[in-house]
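Q: Here's the letter readout for the chains.
Protein chains: 2
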Amino acid sequence: MTKTESAKYNKVVLSPPVPPPQAGRGRNEMPIYREILEQAKAAKAASLVLANASAEQRNRLLLLLSKTLIDQQGKVVEANREDLAQAKAAGRNSAYLDRLGFFEADIRKTADALSAVRELPDPLNRLLSENKRPNGLLVKQVAVPIGVIAIIYESRPDVTVEAAGLCLKSGNAVILKGGSDSLQTNTVLAQILRQSLEKANFPAGSVSLVASREHAAVDYLLSLSGYINLVIPRGGESLIRTVVEKSKIPVIKHYKGVCHTYVDKAADLNMAWSVTLNAKTQRPATCNATETLLVHRDIAPDFLPEMARLFQEKGVEMRGCPDTRRIIPQARVAQESDWGNEFLDLTIAIKVVASPEEAIFWVNTYGTGHSEAIITGDNLIAEMFLKEVDAAAIYHNASTRFTDGFEFGLGAEIGISTDKIHARGPMGLKELTSYKYLVYGDGQVRT
Amino acid sequence: MTKTESAKYNKVVLSPPVPPPQAGRGRNEMPIYREILEQAKAAKAASLVLANASAEQRNRLLLLLSKTLIDQQGKVVEANREDLAQAKAAGRNSAYLDRLGFFEADIRKTADALSAVRELPDPLNRLLSENKRPNGLLVKQVAVPIGVIAIIYESRPDVTVEAAGLCLKSGNAVILKGGSDSLQTNTVLAQILRQSLEKANFPAGSVSLVASREHAAVDYLLSLSGYINLVIPRGGESLIRTVVEKSKIPVIKHYKGVCHTYVDKAADLNMAWSVTLNAKTQRPATCNATETLLVHRDIAPDFLPEMARLFQEKGVEMRGCPDTRRIIPQARVAQESDWGNEFLDLTIAIKVVASPEEAIFWVNTYGTGHSEAIITGDNLIAEMFLKEVDAAAIYHNASTRFTDGFEFGLGAEIGISTDKIHARGPMGLKELTSYKYLVYGDGQVRT
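So the sequence lines, in the order shown, correspond to chains A and B. First residue of the first sequence: 18, per this note's numbering; consecutive thereafter. First residue of the second sequence: 18, per this note's numbering; consecutive thereafter.
Calculated from the structure, these hints are not laboratory results. Beta carbons are placed, not taken as given, at the ideal position from N, Cα and C, and that holds for glycine.
Only pairs whose alpha carbons sit at most 30 Å apart, straight line, appear in this in silico DSS-like list of lysine-lysine:
1) A:K273 x B:K263
2) A:K265 x B:K404
3) B:K447 x B:K126
4) B:K447 x A:K273
5) B:K404 x A:K157
6) A:K157 x B:K273
7) A:K331 x A:K282
8) A:K263 x B:K273
9) A:K126 x B:K149
10) A:K126 x A:K84
11) A:K404 x B:K157
12) B:K149 x A:K273
13) B:K157 x A:K447
14) A:K404 x B:K265
15) B:K265 x A:K447
16) A:K126 x A:K447
17) B:K149 x A:K404
18) B:K404 x B:K282
19) A:K331 x A:K273
20) B:K273 x A:K265
21) B:K216 x B:K447
22) A:K149 x B:K447
23) B:K157 x A:K282
24) B:K149 x A:K282
25) B:K157 x A:K273
26) A:K216 x B:K404
27) B:K265 x A:K273
28) A:K447 x B:K149
29) A:K282 x A:K404
30) B:K273 x A:K447
31) B:K331 x B:K282
32) B:K265 x A:K263
33) A:K265 x B:K447
34) A:K447 x B:K447
35) B:K282 x A:K149
36) B:K157 x A:K157
Going by beta-carbon spacing under 10 Å, a handful of chain B positions derived as facing chain A:
37) Q158
38) P267
39) F419
40) H439
Working from the sequences, and respecting the hints, build out all of it.
A: Next comes the structure, spelled out in structure tokens:
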């Protein structure tokens with residue numbers, strides 16, 4: 018768009034004649050609330066500009082963003098060094114510092130990710146359905162952006178850039194609230210984002226960063242349902258539960274992934290060993306790692322001893338049911354609390370089952386609707402499992418670790434949903450869109 | 018399914034070994050909470066059976082339901098007569114009693130609606146996408162039910178049957194909470210629903226009615242996010258705001274419809290008069306009736322006098338801006354509070370605008386994202402309006418009154434959403450579905 022158009026919308030945005038009734042009241046005289054409210058208003062205004070920008074304009078913005086990020090990486094690394102030093106002084110552990118660190122190699126990787134997003138097909142303006150009615154009305158359903166999306170996440174600077182990139186590519190304005198330990202890094206990244214927006218003639222309000230360390234600031238943000246259309250929390254279960262508890266805005270979320278791999282009696286043993294080992298150990302701290310292994314009793318004596326050897330080689334702690342421990346006594350006794358537990362670690366619960374039906378029942382009882390796998394050579398049993406298990410992704414003869422936007426061919430991922438509303442499983446660009454109905458008539462009236 | 022299968026699932030359902038952690042605690046020892054918790058558990062269990070029932074089985078259920086409803090209409094009318102008498106004694110107005118009344122003609126109409134739903138295409142098991150990955154994984158995305166849906170609505174017995182019919186057709190279990198004044202009618206309708214479920218060998222928990230008159234019962238229901246996947250409130254704005262405020266479960270809703278009709282300078286005058294009159298007066302109490310008329314200043318002197326005459330003929334009260342009142346002085350002075358007001362009555366606000374851009378700005382500022390129309394012969398202006406207005410349905414040369422599931426060809430409607438998440442605009446059967454990913458491999462592991 019031209020500068021003039023952009024300015025026109027900016028004006029529209031910054032002085033809405035009527036504040037939506039849902040906006041928080043009273044508190045908005047305090048500076049931090051006032052700032053958040055202004056950010057939300059500016060984001061809503063910017064969302065109208067973004068929705069009408071062409072794919073070329075949005076892609077040019079992403080190109081400018083990845084260039085500016087590389088050009089100014091020195092400033093980013095410097096700010097990140099300060100964040101890291103403070104977090105270290107505060108006693109954060111090494112895994113935490115690892116996620117917080119944003120070095121030149123990470124910045125290059127993030128810039129490459131932006132380029133990959135840029136090259137993805139435009140998710141907007143897709144014709145989703147078309148229906149000519151008997152009265153002559155033509156009803157078209159067309160993909161449009163969601164509007165304003167708030168992303169609430171932990172101290173991970175890579176998320177700042179990648180989430181902003183995905184939202185802008187899909188025509189959404191975004192409000193970012195990262196963890197407090199990454200505030201200095203995020204502040205520099207937000208400057209880079211704003212500079213890129215200005216160069217590309219987009220309203221600066223398209224991206225904003227909530228710079229407060231106060232919890233009350235997030236609570237206030239989550240009350241602004243008149244301006245914000247969707248909240249995506251990313252992080253640990255407690256962060257997500259807090260967001261759901263407080264939010265007056267729709268939330269798409271994923272509490273946790275308690276994934277199962279069921280080895281059926283008709284499984285190919287070599288495949289079952291390799292897939293189960295991968296599902297447990299390839300990255301045990303991820304939500305799509307397998308936490309419980311279910312084994313059909315007929316194959317358990319052949320399958321479990323070698324599986325146990327492989328697990329032990331990788332340092333996996335096994336916790337088994339009584340039938341499991343009769344075959345592999347080296348497994349510890351599983352407690353009731355081990356079933357349905359998300360270990361996020363090199364620990365696995367193992368249960369022998371009498372039938373695929375029992376496996377399905379078990380998965381639907383203890384699973385969290387994330388990713389579930391069956392290993393079997395029997396296609397009928399596999400189809401039953403895929404049909405009857407209630408989860409976002411169900412695998413036949415593959416590792417649960419594949420639940421991921423890139424692996425599913427979505428090209429990108431802003432998160433994984435275990436909700437059933439709007440998006441389920443990996444969320445890519447299409448999942449960041451809504452739609453509107455365009456209805457073409459020649460004077461039709463309703464009778 | 019067979020009785021045995023149904024019984025198996027019933028067993029699964031009624032004794033889940035681990036109560037989901039989100040379930041309300043403490044309160045569940047009180048009889049009403051205990052009952053609601055049992056209903057929610059039974060609904061979740063039943064949802065697994067419904068999800069795996071064939072389209073034929075679900076259609077047979079709807080057939081039995083409409084037959085049973087007709088067979089037992091005497092009992093329904095009798096219970097409704099008591100509800101009506103009590104509501105009248107409590108001083109309810111005639112419009113209210115009209116919605117509460119459920120007579121033989123209404124019952125026949127409802128049975129016909131069930132038949133129409135039965136004949137709609139099955140919304141389940143549609144292949145939404147299919148993707149063969151470079152590693153050989155085949156990723157299929159398939160439509161499945163949402164699971165358990167709670168419908169919270171006013172004292173309208175027709176909603177009880179129609180909402181249940183739509184949920185069952187789409188394989189969802191449903192928990193119904195109707196207005197207290199319809200409790201006796203709903204109790205009989207729930208018996209009819211349960212009898213039909215049993216005859217068709219579906220678990221009785223597929224449909225349940227929250228029979229309490231206590232507000233706390235609804236609050237408790239809205240906390241059961243471990244069992245219920247979606248809440249759809251239907252009714253006035255305050256009911257909907259209360260549900261959003263309390264719910265820990267995703268809500269799809271529609272607060273209100275402040276719809277505009279914009280008559281552009283290139284409008285056909287006859288079309289503009291007829292469409293505007295229809296949009297305002299055909300059923301003024303509905304959410305898709307036009308509340309504000311915007312008129313381009315160049316056409317206002319030709320358009321407004323005859324429009325005013327037509328409005329006055331129908332008893333419409335006009336409230337105009339100063340420019341409007343210079344042309345039609347019979348209009349009252351519009352107050353600031355008239356813009357963006359949902360009159361739901363024979364009242365219209367009228368504003369003269371200088372350009373289509375001003376109309377778009379006005380609509381995006383005062384509208385509620387429901388239904389907006391432009392009347393113009395200029396297709397470029399129309400395209401601009403359709404693209405830049407942010408609403409669920411945008412009309413070129415047609416009445417805003419068409420926003421409706423039947424009119425859009427969805428075949429049915431459970432409600433209209435002004436959210437942008439999951440469903441926007443009229444919600445039919447497809448909007449009552451989610452999806453799952455089925456992934457077919459031959460031993461793939463992630464590296």
